[in-house]
Amino acid sequence: MVGDTSLSLGRILQNKGIRGLRLAASSGWATGLLHAVTTVEGWVAPGSEVELRLNGAYFGRQVATDGYYVFKNVPLHITKANLLEIVITEPSASLGLVGYVRKRSGIRP
Numbered sequence: 096m097v098g099d100t101s102l103s104l105g106r107i108l109q110n111k112g113i114r115g116l117r118l119a120a121s122s123g124w125a126t127g128l129l130h131a132v133t134t135v136e137g138w139v140a141p142g143s144e145v146e147l148r149l150n151g152a153y154f155g156r157q158v159a160t161d162g163y164y165v166f167k168n169v170p171l172h173i174t175k176a177n178l179l180e181i182v183i184t185e186p187s188a189s190l191g192l193v194g195y196v197r198k199r200s201g202i203r204p
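Residue numbers for the sequence shown follow the numbering used here, so the first one is 96 and each next one is one higher.
Treat each hint with caution, since some may be false.
Stated by the list, open to error - Here are the simulated DMTMM-like pairs of lysine to aspartate or glutamate, each with C-alpha atoms no more than 20 Å apart in a straight line:
#1 Lys167 x Glu146
#2 Lys167 x Glu144
#3 Lys167 x Glu136
#4 Lys167 x Glu180
Because the hints were derived from the structure by calculation, they are not lab data.
The task is simple: from the sequences and hints, build the whole structure.
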């Protein structure tokens, strides 16, 4: 673990946080290149749809059948700030969207 960031999402994610930054060697370890990845996980109402956007681009979407969601190996920029956006839509929500979270990493350009 090289770095650590924490974000409390309050009642949206039932007081669970987003934590962690992992620097890992690329598959071509001999090249000496490193890349940063993180895992974004949390809890929402069962059956909710969770979408992750990374730096303004769609990364993935999943239905949290049991209320837990996880996006693994989310690639991050090492030298500039990253913007993570989580969009939560509960199945019972009449208007659809119930939660929207924006988190910019603490790395300064």
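Quick rundown of the hints versus the structure:
no.	hint	verdict
1	Lys167 x Glu146	13 Å, holds
2	Lys167 x Glu144	17 Å, holds
3	Lys167 x Glu136	8 Å, holds
4	Lys167 x Glu180	15 Å, holds
Going down the numbered hints, you'll see the structure goes against none, and every one checks out.
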